[in-house]
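Going down the list, the protein sequences come from chains Z and F.
274 is the number that our numbering gives to position 93 of the first sequence; each next residue is one higher, with no gaps.
133 is the number that our numbering gives to position 126 of the second sequence; each next residue is one higher, with no gaps.
DSS-like mimics (lysine-lysine), calculated; alpha carbons at most 30 Å apart, straight line: (1) Z:K236 <-> F:K128; (2) Z:K236 <-> F:K271; (3) Z:K250 <-> Z:K353; (4) F:K108 <-> F:K128; (5) F:K68 <-> Z:K236; (6) Z:K236 <-> F:K129; (7) F:K271 <-> F:K129; (8) Z:K340 <-> Z:K250; (9) F:K128 <-> F:K68.
Hint data in this document are derived by calculation from the structure and do not stem from the laboratory.
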Amino acid sequence: MSNPYIPVPMRVSRIVAEDPERNLRTYNLLFENDADRERFTYLPGQFCELSILGKGESPFGIASSPTEKDHLRFTVNRTGSVTEEIHYLREGDIVGMRGPMGNWYPVELFKGGNVLIIGGGFAFTTLRSLLVYLMDHRDDYRDITVVYGARSPELLLYKEELSAWGERDDLKLHLTIDNPAEGWDGLTGFVPTVTKELSPSPEDSYAVVCGPPIMIKYTLPVMSELGFPDDRIYTSLERRMKCGIGKCGRCNIGPKYICIDGPVFSMAELRDIPEPV
Amino acid sequence: MVKLKKNELDRLICRLAGSYDVYAPVDIDGNVEFARVSSAEDMDQSRTVTNLSPKEIFFPKDEVLFEYDADGIRPADSMDRPIAVWGIRSCDTKSLMLLDKVFGSAIQMPKEERFQDPYWKKRYDGALLFGAACAEPLSTCFCNWFGGGPFATEGMDVHVTDIGDAFLLNPVTPRGEDYLESLDFTAEVSESDRKAAAEIAGSAEAVMSPPVPIDGLDQLLPGLFLQEEVWGEVSAACINCGACTFVCPTCHCFDMQDEGRNEKGRRLRVWDSCMFPIFTSEASGHNPRSLSRHRVRQRVMHKYSYYPVNYGEYLCTGCGRCITVCPVNVDIRRTLLKLMTHDGEDG
Numbered sequence: 182m183s184n185p186y187i188p189v190p191m192r193v194s195r196i197v198a199e200d201p202e203r204n205l206r207t208y209n210l211l212f213e214n215d216a217d218r219e220r221f222t223y224l225p226g227q228f229c230e231l232s233i234l235g236k237g238e239s240p241f242g243i244a245s246s247p248t249e250k251d252h253l254r255f256t257v258n259r260t261g262s263v264t265e266e267i268h269y270l271r272e273g274d275i276v277g278m279r280g281p282m283g284n285w286y287p288v289e290l291f292k293g294g295n296v297l298i299i300g301g302g303f304a305f306t307t308l309r310s311l312l313v314y315l316m317d318h319r320d321d322y323r324d325i326t327v328v329y330g331a332r333s334p335e336l337l338l339y340k341e342e343l344s345a346w347g348e349r350d351d352l353k354l355h356l357t358i359d360n361p362a363e364g365w366d367g368l369t370g371f372v373p374t375v376t377k378e379l380s381p382s383p384e385d386s387y388a389v390v391c392g393p394p395i396m397i398k399y400t401l402p403v404m405s406e407l408g409f410p411d412d413r414i415y416t417s418l419e420r421r422m423k424c425g426i427g428k429c430g431r432c433n434i435g436p437k438y439i440c441i442d443g444p445v446f447s448m449a450e451l452r453d454i455p456e457p458v
Numbered sequence: 008m009v010k011l012k013k014n015e016l017d018r019l020i021c022r023l024a025g026s027y028d029v030y031a032p033v034d035i036d037g038n039v040e041f042a043r044v045s046s047a048e049d050m051d052q053s054r055t056v057t058n059l060s061p062k063e064i065f066f067p068k069d070e071v072l073f074e075y076d077a078d079g080i081r082p083a084d085s086m087d088r089p090i091a092v093w094g095i096r097s098c099d100t101k102s103l104m105l106l107d108k109v110f111g112s113a114i115q116m117p118k119e120e121r122f123q124d125p126y127w128k129k130r131y132d133g134a135l136l137f138g139a140a141c142a143e144p145l146s147t148c149f150c151n152w153f154g155g156g157p158f159a160t161e162g163m164d165v166h167v168t169d170i171g172d173a174f175l176l177n178p179v180t181p182r183g184e185d186y187l188e189s190l191d192f193t194a195e196v197s198e199s200d201r202k203a204a205a206e207i208a209g210s211a212e213a214v215m216s217p218p219v220p221i222d223g224l225d226q227l228l229p230g231l232f233l234q235e236e237v238w239g240e241v242s243a244a245c246i247n248c249g250a251c252t253f254v255c256p257t258c259h260c261f262d263m264q265d266e267g268r269n270e271k272g273r274r275l276r277v278w279d280s281c282m283f284p285i286f287t288s289e290a291s292g293h294n295p296r297s298l299s300r301h302r303v304r305q306r307v308m309h310k311y312s313y314y315p316v317n318y319g320e321y322l323c324t325g326c327g328r329c330i331t332v333c334p335v336n337v338d339i340r341r342t343l344l345k346l347m348t349h350d351g352e353d354g
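Hey, can you work out the whole structure from these sequences and the hints?
Structure below.
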């Protein structure tokens, strides 16, 4: 029987510092063993536990898309002891990985509809996975709209890709920062406000909202106001996690475990769960 | 049913020890808990409820998940002999069945497809459990709230009644039946033996307080979730020491920790407790359960609402250990009664 507690080895193939303070770094990882790579299939929204042996494990949303077949990508914010250790990794180093874990954004359900992606700060990781996946299956979806905000231009993730996406005519990309900044020609204002002003149509549309708790808290009501029904608004939740397989008890919210019943939930599902965000 | 004279118990234990790792209640510095035994002499069968629960046999306080060194990761060497337990009470065999639904088992629940815990399964799936009838239930025993009783047999392979000079061994499962048939030193059960057992059962039942009906508690609790006042009341005395969660036979929260330096070390899982603020404290500083009353609420909700939603029964067997061990006299029965009679009005 397979042992869900054993990490598989992956090699760091590329590291990109995302912000000037270098607190946000993106890691591309390659499977060391072919068998592990072949077994690993995932969809946008799922996460993995990354292990630094001797230090511990933490969960990270997968930022790559399953359509990018060669590597897995994770963006790691230096916050605690495990992320600190991950930041010491160099290209060529080995890191442990368990996954994929959790559920995913319902990309099958979205087919034939418009998709609105709303993200804030460094929570754009699994949203990038989703966006790349949708763009790689472009014909399956109608309008794809992205609203992505950060405190300042430097804190937007994946800047090169953002400018490339901005050039495309089959994608509406709206970038916003909290306060005006020199050289910034995008929007200014908080994500909920910007979303409200853009006033996207709820007709045949699905919304995916992912960001810091405060952003989610103020954006979800805006979506309802715009007429998006609860079962067409999705978000991804986070909690402290350990096992990732629904046993250790940490990420329990209501009768759900974020690690196996989530992290992706529709607003309709969250209505029954008090204080989810 | 067969009879085992008390002077033959040691023979049974030795026979078991030939093919099983045998566990039984043992007095360890005044604390009775389940430990490995090689003879009947090692046992202390005097307690109705052992200080620590036998969940530890199947889900140890700390357990190596794997070891690692420069050559890679190796799953921990695990036992290769099955486990037999002598003297386990029905509240505790029931609790193992409840834990088995979480860790993965032969009990087919819809959610079992997801992940099974290989460490738990290796221990629990082949275990042979000799359960002990309770002749003298304690004032803290409330197994009858959850459909149990001093002579319940759920989760046992063999039900054992102490009738003074002998034990009556009653098979509950085919596994138990097969094992009893393999023994050549048991005796036939006489009519007077049966009568003696029935009398003991009758007087044990008589000692138990009538059960408090808690049907519907699981339905009621979600409506109380946001009523801060009532959780403040039921958690007022609690000092969040976590003792209740460690003695509880159904609490299963754990932490995973790494031990080691440089290239060599191991990862363990260790019991953890939802009573501790650090349990849910996130690296950002945010803690969704930073208040004591919210942690108490989590424990109550998990046992009496969330688990029932997922598995159709309460995650409590009424063993009463949490009542006995609590340093500030929190009584879970009082907590449940308070919640059930709460009028529902809250500021």
